[in-house]
Amino acid sequence: MGKKRKGGISDKVRNTKKSDEKKTNPFEIKVNRQKHDILGKKIAKYDKGRPGVARSRAIKKRKETLLIEYQNRGKANKFIDKRFGEHDTKMTLEDKMLKRFALERQKTQDKPSSFNLNEEEEELTHYGQSLSRIEKFEDPVDSDEDEEESGKISGDLVADEHFGGFLTKKSDEETNKSWKERMEELIVKSKKEKYERKTEKEKTLEMTEKLDEEWKSLRLLMGGSKHKDDAQAPAKKADDYDITVRELAFEIKGKPSDRLKTEEELAKEEKERLEKLEADRLRRMKGVFPDEEAEKKQVHFSADDLDDGFILNKEDEERFHVSYKDGQLLTPFGKDQSELEDTEEEKDKDDDDDDDDDDDDDEDGEEEENGEENSEEEESGGEDNHSDLESGDEEGGEEEEDVKEPSKQQQAKTDIVTDLKKRKKVMEEARKELPYTFPVPLTYEELVDMLEPYDADDQLTVIQRIRKCHHPSLAEGNKEKLETFFTVLLPYLGDLASQEEPMLKSINALISHLYELCQMSPIKAGQAVRDLMEEKQDEFSQYCQRKGGRGIFPKLDMVLYFKLVSLLFPTSDLKHPVVTPTMLFMGQILAKSPVQSNRDIFAGLFICTLFLEYISLSKRYVPEVINFLRGLLFLASKKDPNKLEDVVHPFKPVGKVDLLEIKGKTAKSVEIKPFTISQTFACKDLRQLSTDEFRVCATCQSLRLLQEFAVLYEDLPAYKEIFQPLRYICSKLPTEKYPEKVQKQVSDLIQQLEKKNQNTRNSLTMQKRPPPMLKMFEPKIEESFDGRKKRGGTREFRDKQRLLHKHKKEMKSAVRELRKDSQFLARQRLEERMSRDAERKRKVKEIYGMLASQEGEFKAMKRKKDKPVI
29 MGKKRKGGIS DKVRNTKKSD EKKTNPFEIK VNRQKHDILG KKIAKYDKGR
79 PGVARSRAIK KRKETLLIEY QNRGKANKFI DKRFGEHDTK MTLEDKMLKR
129 FALERQKTQD KPSSFNLNEE EEELTHYGQS LSRIEKFEDP VDSDEDEEES
179 GKISGDLVAD EHFGGFLTKK SDEETNKSWK ERMEELIVKS KKEKYERKTE
229 KEKTLEMTEK LDEEWKSLRL LMGGSKHKDD AQAPAKKADD YDITVRELAF
279 EIKGKPSDRL KTEEELAKEE KERLEKLEAD RLRRMKGVFP DEEAEKKQVH
329 FSADDLDDGF ILNKEDEERF HVSYKDGQLL TPFGKDQSEL EDTEEEKDKD
379 DDDDDDDDDD DDEDGEEEEN GEENSEEEES GGEDNHSDLE SGDEEGGEEE
429 EDVKEPSKQQ QAKTDIVTDL KKRKKVMEEA RKELPYTFPV PLTYEELVDM
479 LEPYDADDQL TVIQRIRKCH HPSLAEGNKE KLETFFTVLL PYLGDLASQE
529 EPMLKSINAL ISHLYELCQM SPIKAGQAVR DLMEEKQDEF SQYCQRKGGR
579 GIFPKLDMVL YFKLVSLLFP TSDLKHPVVT PTMLFMGQIL AKSPVQSNRD
629 IFAGLFICTL FLEYISLSKR YVPEVINFLR GLLFLASKKD PNKLEDVVHP
679 FKPVGKVDLL EIKGKTAKSV EIKPFTISQT FACKDLRQLS TDEFRVCATC
729 QSLRLLQEFA VLYEDLPAYK EIFQPLRYIC SKLPTEKYPE KVQKQVSDLI
779 QQLEKKNQNT RNSLTMQKRP PPMLKMFEPK IEESFDGRKK RGGTREFRDK
829 QRLLHKHKKE MKSAVRELRK DSQFLARQRL EERMSRDAER KRKVKEIYGM
879 LASQEGEFKA MKRKKDKPVI
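Residues in the sequence shown are numbered from 29 upward in steps of one, following this note's numbering.
Read the hints as simulated data drawn from the structure, not as lab findings. Take these hints with a grain of salt, some might be off.
[As the list claims (entries may be wrong)] Here are the computed lysine to any residue pairs in the SDA-like style, where the Cα-Cα straight-line distance is at most 20 Å:
#: 1; residue 1: K769; residue 2: F813
#: 2; residue 1: K533; residue 2: K460
#: 3; residue 1: K496; residue 2: S526
#: 4; residue 1: K231; residue 2: I215
#: 5; residue 1: K217; residue 2: K229
#: 6; residue 1: K69; residue 2: F813
#: 7; residue 1: K873; residue 2: Q856
#: 8; residue 1: K449; residue 2: Y472
#: 9; residue 1: K76; residue 2: N53
#: 10; residue 1: K238; residue 2: L248
#: 11; residue 1: K696; residue 2: S759
#: 12; residue 1: K507; residue 2: S526
#: 13; residue 1: K552; residue 2: K583
#: 14; residue 1: K772; residue 2: S759
#: 15; residue 1: K848; residue 2: L832
#: 16; residue 1: K552; residue 2: S594
#: 17; residue 1: K509; residue 2: E474
Owing to the predicted nature of the structure, the values given are computational and were not obtained by experimental measurement.
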């Protein structure tokens with residue numbers, strides 16, 4: 029029987045294809061649904077896919093790459109074999125070892141030893157000369173003569189005796205000579221050559237001098253008498269240019285000055301100076317002079333010093349003679365120390381009580397006291413005069429000393445009294461002197477207590493010294509102290525302005541201190557000023573509530589605070605944390621405070637002037653100012669009793685509407701002067717301000733402010749509506765009663781307003797060109813369409829757009845991949861943390877179980893021990 033034939037080739041191929049095909053799960057396939065089915069359109073790659081398989085493939089790839097890098101991020105245990113010939117298969121082991129040994133020896137030979145102290149540095153030369161010497165241009169060698177003079181060997185000798193020169197053939201006589209003989213001959217030869225060169229040089233100098241003299245005589249003969257006349261002629265006078273050149277040549281060159289010291293260095297020096305002056309003042313208060321303090325300084329003595337060189341003078345012995353009486357130390361005048369002090373105190377009291385007495389009475393009193401003391405000394409001298417301490421040579425002259433002793437004692441007593449008076453005078457002057465150092469007052473009460481004993485000038489000096497002694501650069505914490513000091517000085521400024529006679533000079537000086545403190549810490553200073561403004565505004569609002577919505581114009585202290593804000597902070601900002609609330613408060617005062625007196629008019633004009641200063645750069649529109657100035661012109665204009673004028677609050681058409689009306693006939697000759705604070709705020713009697721002079725000046729000031737505001741607001745669209753009522757008010761002013769300056773101001777303001785009002789506004793008009801046609805929804809049909817949408821533009825533009833599109837696509841893909849990488853790492857970190865937590869919980873449970881078993885065993889043993897034995 030034959031063998032059974034298997035399947036044919038077609039069956040094998042069919043079976044192979046079936047095995048190669050991958051079975052796909054239909055649930056893994058995701059198809060993007062299209063909105064419209066288009067016949068013949070090819071399906072893109074992204075329309076059909078298997079997201080699950082792609083996700084698993086991406087995770088597997090990240091585990092093989094990103095996860096391994098994450099796990100090996102802190103490891104460094106990789107060894108790299110860098111030995112010579114390790115990976116060279118052509119070299120034998122012996123060759124490798126020999127080559128490595130040679131390389132190691134080469135490294136040690138090439139590397140200079142840093143511990144070899146005998147090693148000398150190599151010196152670079154050029155043509156046998158040192159480069160360092162050539163650069164210094166010291167003793168350059170240019171010829172054989174210089175070589176001989178400098179002590180060097182000539183080049184011929186070097187060539188003969190050195191570098192193989194001795195191998196050349198020489199005569200028998202030279203070869204038979206010894207080295208010493210040859211050296212002696214060489215020395216003699218060199219000296220001979222040197223002498224010849226010197227002789228030749230001297231001859232050359234003599235010939236040169238001779239030729240110079242002959243040339244001078246020949247030059248005179250060649251020049252003739254002309255040169256002789258010139259020589260005999262008087263010298264020309266130097267002109268101004270030559271004089272200036274010579275002066276500049278001898279002018280002192282400018283020297284560099286010392287560098288400018290920094291602010292910290294200046295502050296430190298100033299503090300040290302003040303501390304030194306304060307220490308000196310305290311010493312003078314105690315009656316200690318600098319020279320005495322230097323004498324009191326202890327001198328260092330060694331332990332072996334026996335004071336052998338100490339010598340006491342005769343005067344010192346008499347003046348500082350030690351003696352006692354009844355256990356009390358006697359002074360040089362024989363009196364007790366306590367008695368002398370009592371006498372001095374009584375004398376000081378007598379001097380204070382009898383300052384107007386004559387000097388003769390004082391002298392008589394002193395003589396009587398001296399007489400009493402002398403008598404006491406004579407009595408005490410009989411008992412014990414310590415004569416045994418004196419030498420034998422002095423015994424013979426005892427009578428003469430007894431005669432001279434009273435006069436010396438009296439003179440010494442007079443010197444001591446004079447010294448005590450001088451000390452007392454110096455101590456009183458030191459007590460009256462202003463201290464140089466002060467602590468920083470942290471509250472307003474401390475500041476008042478500190479400044480109360482001094483006058484106005486001394487108070488400013490105290491403030492300045494406080495700032496200098498506590499500069500922020502001198503110690504840590506001084507900046508916070510000065511910030512607190514700024515908040516304390518603010519109410520002090522208000523107190524100076526609230527006095528009956530405002531201390532304007534002190535206020536002006538204090539503002540400079542506030543400005544400098546504000547520059548050191550502007551944030552804290554701004555917060556302090558803002559808190560002050562909020563407090564004042566709350567008080568104003570409460571007053572308005574009590575008076576039915578009517579306010580009151582501020583006094584001098586509040587007006588100065590408004591001025592201070594403009595000096596300390598920028599007013600041109602759109603919104604400032606200090607200036608903006610201050611401007612709102614000022615506008616509130618102008619809008620709610622009725623004008624009841626001439627002082628209110630002055631306060632309002634002052635605030636309007638401050639507003640002009642505030643908005644001069646920002647040109648911010650403030651309606652309260654324009655309305656207030658318009659109300660002042662209303663007070664100065666003619667009123668119709670049968671018609672109510674159109675004025676805005678706080679001005680009313682009834683009441684005190686004639687405050688600025690001219691009532692006398694002398695107003696036309698009034699001299700217009702600017703207002704002063706002392707004439708208005710410090711004026712006690714308001715009737716002094718009810719004069720035509722004040723009315724004319726107030727009207728002039730109002731017109732001037734309106735002119736400036738009109739120029740400032742000329743670009744506003746509502747200019748016509750803002751200033752139209754002012755033209756009507758100006759036309760009703762009694763200009764015939766005012767001086768010529770005010771009349772000119774009124775006419776100029778009216779012309780300015782009329783000129784600006786003539787400018788008509790442009791009405792709204794249609795566009796000159798027709799608007800573009802809207803895109804229609806009709807399709808664009810092309811006769812020859814090749815299946816691709818045609819894009820406009822050049823080829824370069826299309827290539828650029830294609831690259832931009834590709835770049836955007838790749839960027840989105842990269843961002844997507846980075847986001848997925850970060851998510852994968854976050855999941856990995858979460859798994860590691862969870863595994864660590866699980867391991868920790870497992871170990872904790874094991875420890876708890878072990879502890880529980882130990883506790884159980886311990887309790888069982890304890891029960892066993894406590895169990896009674898039967």
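Hint-by-hint comparison with the structure:
1. For the given pair, K769 sits about 88 Å from F813 by alpha-carbon distance, which is inconsistent with the 20 Å threshold.
2. A C-alpha spacing of about 24 Å is found between K533 and K460, which places the hinted pair above 20 Å, so the restraint is violated.
3. Note on K496 and S526: the hinted pairing is violated, with a Cα-Cα distance of about 28 Å set against a maximum of 20 Å.
4. At most 20 Å may separate the alpha-carbon atoms for a hinted pair to count; K231 and I215 exceed this at roughly 25 Å.
5. With a CA separation close to 18 Å, the supplied pair K217 and K229 stays within the 20 Å bound.
6. With a C-alpha separation of about 16 Å, the suggested pair K69 and F813 falls inside the 20 Å cut-off, and the hint holds.
7. A threshold of 20 Å between alpha carbons decides the hint, and for K873 with Q856 the separation of about 26 Å lies outside it, so the pair is violated.
8. With a C-alpha separation of about 41 Å, the suggested pairing of K449 with Y472 is violated against the 20 Å cut-off.
9. A C-alpha spacing of about 14 Å is found between K76 and N53, which places the hinted pair at or below 20 Å, so the restraint holds.
10. About 16 Å separates the Cα atoms of K238 and L248, which keeps this hinted pair within 20 Å; it holds.
11. Taken as a hint, the K696 and S759 pair is honoured in the structure, with Cα atoms around 18 Å apart against an allowance of 20 Å.
12. Of the supplied pair hints, the one linking K507 and S526 is violated, its CA atoms being roughly 30 Å apart against a limit of 20 Å.
13. Restraint check: the Cα-Cα separation between K552 and K583 comes to about 26 Å, which exceeds 20 Å; the hinted pair is violated.
14. Between the alpha carbons of K772 and S759 the distance comes to roughly 13 Å, so the proposed pair stays at or under 20 Å and holds.
15. Only pairs whose Cα atoms come within 20 Å are accepted, and K848 paired with L832 is rejected, the gap being roughly 24 Å.
16. A distance of roughly 17 Å separates the Cα atoms of K552 and S594; the hinted pair therefore holds under the 20 Å criterion.
17. Proximity of K509 to E474 is assessed by CA-CA distance (about 14 Å); at most 20 Å being required, the pair is judged to hold.
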